[in-house]
Amino acid sequence: MKTKLLIIIFFISITKSFTQVKTNDNIWFAKEFSKDIALFNAKEFLFKNVLGSTTEVVQFEIIPLVAASSGELTTLLYKCESKQKEGLILGFFGNYWKDSGVVYQGYAFKNFEKNEAIEFLNKIQTAIEENKKYITQEAENYNIFFKHNDMDVLICSSSPGYTIRLFWNGFDSSWEKTAFDRSKRRFEKKIK
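Counting with our numbering, you get residues 986 to 1177 for the letters of the sequence shown.
The hints are simulated quantities; they were obtained by calculation from the structure and are not laboratory data. A few of these clues could be false.
[Claimed, not checked] In silico SDA-like cross-links for lysine to any residue, where the CA-CA straight-line distance does not exceed 25 Å:
1) Lys1174 / Val1088
2) Lys1068 / Ile1109
3) Lys1108 / Arg1170
4) Lys1064 / Asn1096
5) Lys1099 / Ser1144
6) Lys1064 / Glu1098
7) Lys1070 / Asn1154
8) Lys1175 / Tyr1081
9) Lys1095 / Asn1126
10) Lys1064 / Lys1117
11) Lys1174 / Asp1084
12) Lys1117 / Lys1068
13) Lys1177 / Ile1109
14) Lys1099 / Ala1124
15) Lys1175 / Asp1084
16) Lys1028 / Lys1175
17) Lys1028 / Lys1117
18) Lys1175 / Asn1080
19) Lys1070 / Trp1153
20) Lys1174 / Ser1085
21) Lys1175 / Asn1026
22) Lys1162 / Val1088
Computed from a predicted model, the values in this text were never measured in an experiment.
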């Protein structure tokens, strides 16, 4: 019996020590992990895909606003005065399996320039306010959805408040009420 137990412990420790990607099921660590990774990788996304690589020295500001507690979505604000660009970046995160069985975290970024970001955030807020009576009849059972450009948005009530699910580019990310409200408020405060 002791031999079987030792063999099981041995295989578990070998598996953990040779894992190629750090995984953590703790929701609190997932939130901070995505926020740190989002900020690090969003910088490259921003200067290569939004501001455009250049031989000139360009100053820009990027601020992580909020990471959803699920760890699947992070919002970031950016400003670049010399390029006259500012807006909101959504960082999407998700776990994937490689064919070899290794779990890794995939990510992608979606840019919203200032006016588009305001329109997107307001559309979600308006949809919730106008349909609050309907979606709060019974948690999870009464839903609303709409398409915004290339992103599908699904909203349902949950405890507390509501959950927004964003479907984009193969990602299915949850954005709970608190994270959405903070993102919207912080974006509006800093963008003015």
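Now the hints, each set against the structure:
Restraint check for Lys1174 and Val1088: the C-alpha separation of about 38 Å exceeds 25 Å, so the hint is violated. Our distance criterion of 25 Å between C-alpha atoms is broken by Lys1068 and Ile1109, whose separation comes to about 29 Å. Between Lys1108 and Arg1170 the CA atoms are separated by roughly 14 Å; this keeps the pair inside 25 Å, and the hint holds. Among the hinted pairs, Lys1064 with Asn1096 is consistent with the structure: their alpha-carbon atoms are about 12 Å apart, no more than 25 Å.
Under the criterion of a C-alpha separation no larger than 25 Å, the hint pairing Lys1099 with Ser1144 is inconsistent with the structure, at around 31 Å. Restraint check for Lys1064 and Glu1098: satisfied, since their Cα atoms lie roughly 10 Å apart, inside the 25 Å limit. Straight-line distance between C-alpha atoms of Lys1070 and Asn1154 comes to about 24 Å, which keeps the hinted pair within the 25 Å bound. At most 25 Å may separate the alpha-carbon atoms for a hinted pair to count; Lys1175 and Tyr1081 exceed this at roughly 34 Å.
Restraint check: the Cα-Cα separation between Lys1095 and Asn1126 comes to about 29 Å, which exceeds 25 Å; the hinted pair is violated. Taking the CA atoms of Lys1064 and Lys1117, the gap is near 34 Å; set against the 25 Å cutoff, the hint is violated. Our distance criterion of 25 Å between C-alpha atoms is broken by Lys1174 and Asp1084, whose separation comes to about 45 Å. Between Lys1117 and Lys1068, the direct Cα distance comes to roughly 40 Å. Violation of the 25 Å bound is thereby established for this hinted pair.
Proximity of Lys1177 to Ile1109 is assessed by CA-CA distance (about 20 Å); at most 25 Å being required, the pair is judged to hold. Distance restraint check for Lys1099 and Ala1124: the Cα-Cα separation of roughly 33 Å exceeds the 25 Å cut-off, and the hinted pair is therefore not satisfied. For the proposed pair Lys1175 and Asp1084, the alpha carbon gap of about 43 Å is over 25 Å, so the pair is violated. Taken as a hint, the Lys1028 and Lys1175 pair is honoured in the structure, with Cα atoms around 18 Å apart against an allowance of 25 Å.
Taken as a hint, the Lys1028 and Lys1117 pair is broken in the structure, with Cα atoms around 37 Å apart against an allowance of 25 Å. Distance check on the hinted pair: Lys1175 and Asn1080 sit about 31 Å apart at the alpha-carbon level, beyond 25 Å; violated. A distance of roughly 23 Å separates the Cα atoms of Lys1070 and Trp1153; the hinted pair therefore holds under the 25 Å criterion. Distance hint between Lys1174 and Ser1085 is unfulfilled; the C-alpha atoms sit about 46 Å from each other, more than 25 Å.
Among the hinted pairs, Lys1175 with Asn1026 is consistent with the structure: their alpha-carbon atoms are about 21 Å apart, no more than 25 Å. Pair hint Lys1162 plus Val1088 does not hold up; C-alpha atoms about 29 Å apart against a cutoff of 25 Å.
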